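Chains A and B, in that order, are what the protein sequence lines are.
The first sequence begins at 1 in the numbering used here and counts up by one.
The second sequence begins at 1001 in the numbering used here and counts up by one.
By construction, these hints were calculated from the structure, which means they are not laboratory data.
Keep in mind that the hints are not guaranteed to be accurate.
[Unchecked claim] With the C-beta cut set under 7 Å, the calculated list includes, among others, these residues of chain B facing chain A:
no.: 1; residue: 1021
no.: 2; residue: 1022
no.: 3; residue: 1043
no.: 4; residue: 1049
no.: 5; residue: 1052
no.: 6; residue: 1068
no.: 7; residue: 1071
[Said to hold, decoys possible] Negatives, chain B to chain A, calculated, CB over 12 Å:
no.: 8; residue: 1042
no.: 9; residue: 1095
no.: 10; residue: 1098
Treat the numbers as computed from the prediction; the structure is a model and nothing was measured.
Note that the Cβ used here is the ideal one computed from N, Cα and C, for glycine as well.
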Amino acid sequence: MANPDQNPGRGEVSDGRDGSIEQRREALRRIGRSAAAAGAASPLSALAGGSAGPRKWCQDKYKTKKVHASISGCNSVVLSAQSGNECYGKPCSYYGSSTHIPVSCKSGATAKKFKDIFTCVSGSKDSKNVTYNPNNAGNGCLYHKKIDDLCTSNASSPEAHWATAYCNSAALWTSDTTTKFPYSTTQVNSHWTDSSTRLAAYSFYTTYMEGG
Amino acid sequence: MTVAVELPRWRVSPLARLSWRSWGEDYVAFESRSGELAEFDVLAAAAMACLEERPRTLSELAEELAADLGQQADAQFSDAVDGIVRQFRRLGWVEEIMPT
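Whole structure, please, built from the sequences with the hints as guidance.
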């Protein structure tokens, strides 16, 4: 069969274990025995609710498919999706209204600037190829724009969609299994900062995390 | 007079060609005729394993899976199993056998 776990970028290949009939039944029995041994509550509701594993999923913005809610897993279709495990995010246009911007993305009543939520390096260039100078807010660099300005006047820029991902994270991410957004604001910032993850993360956020 | 109502059973479609692999509690099934690759949790994977063994009604399936867990099926669990079978039916991997 095809190998869905290949990750050439890391040089690691794992084709998993054979999922024979007996192996699959035994996996379930093992969960039952573990729950009993731990004196845990019935595993039935946990399994029925789909919380037996990391089953977070999301839909593309056209609602045509359900996939794993992660940057590395969004190419895997999820069919055993449970409603409580859906992740989602608001579209860029939503944050064009300052009233929708999460409190942690504001300074007082005003939306923060891109440079205030992402780690912007002096001398780097924005998507319009304008050099970022922390001391020169007047040169048109998008890093100096406020979130709501980006999401209205510059909505087609990558910066607007990164700011959207950040706001969605601020509004929806929690550190427990009830989270509705898969990454924390710190992780979103890291995805933007790290050139090796930036493109894949941007694709994930704009395809799957702006449809809500 | 009491009339016993026989419920439909579910079986794996004779046309399905499935291969299963596991990664911990994650399962992936590949259907070679359609080329479909899908991911499932442990409950769905075990449900399909039961149907691969032999056809079962939905209640039999729920009871058997619950027994694997050392429990008795409740309504929520039975609904979840029902949903799993419906997903497999949408894929064309299982089919209903109506009582004769």
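Hint check:
1. At a threshold of 7 Å, the smallest CB-CB gap from residue 1021 (chain B) to chain A is about 4 Å, leaving the interface hint in force.
2. For residue 1022 (chain B), the shortest C-beta to C-beta distance to chain A is roughly 4 Å, which falls under 7 Å, so the interface hint holds.
3. Given the 7 Å rule on beta carbons, the hint for residue 1043 (chain B) holds: about 5 Å separates it from the nearest Cβ of chain A.
4. A least Cβ separation of about 4 Å between residue 1049 (chain B) and chain A falls short of the 7 Å threshold, and the interface hint therefore holds.
5. Proximity of residue 1052 (chain B) to chain A holds as hinted, the smallest CB-CB distance being about 5 Å (cut-off 7 Å).
6. Hint status for residue 1068 (chain B): holds, given a least beta-carbon distance of 4 Å to chain A, under 7 Å.
7. With a cut of 7 Å, the hint placing residue 1071 (chain B) at the interface with chain A holds, because the nearest CB-to-CB distance is about 5 Å.
8. Here residue 1042 (chain B) does not stay apart from chain A, with its beta-carbon only about 5 Å from theirs, under the 12 Å limit.
9. No beta-carbon of chain A is positioned within 12 Å of the beta-carbon of residue 1095 (chain B); the least distance is around 17 Å.
10. In this structure residue 1098 (chain B) is separated from chain A by more than 12 Å, as the shortest Cβ-Cβ distance comes to about 25 Å.
The structure is inconsistent with hint 8 alone, although it conforms to all the rest.
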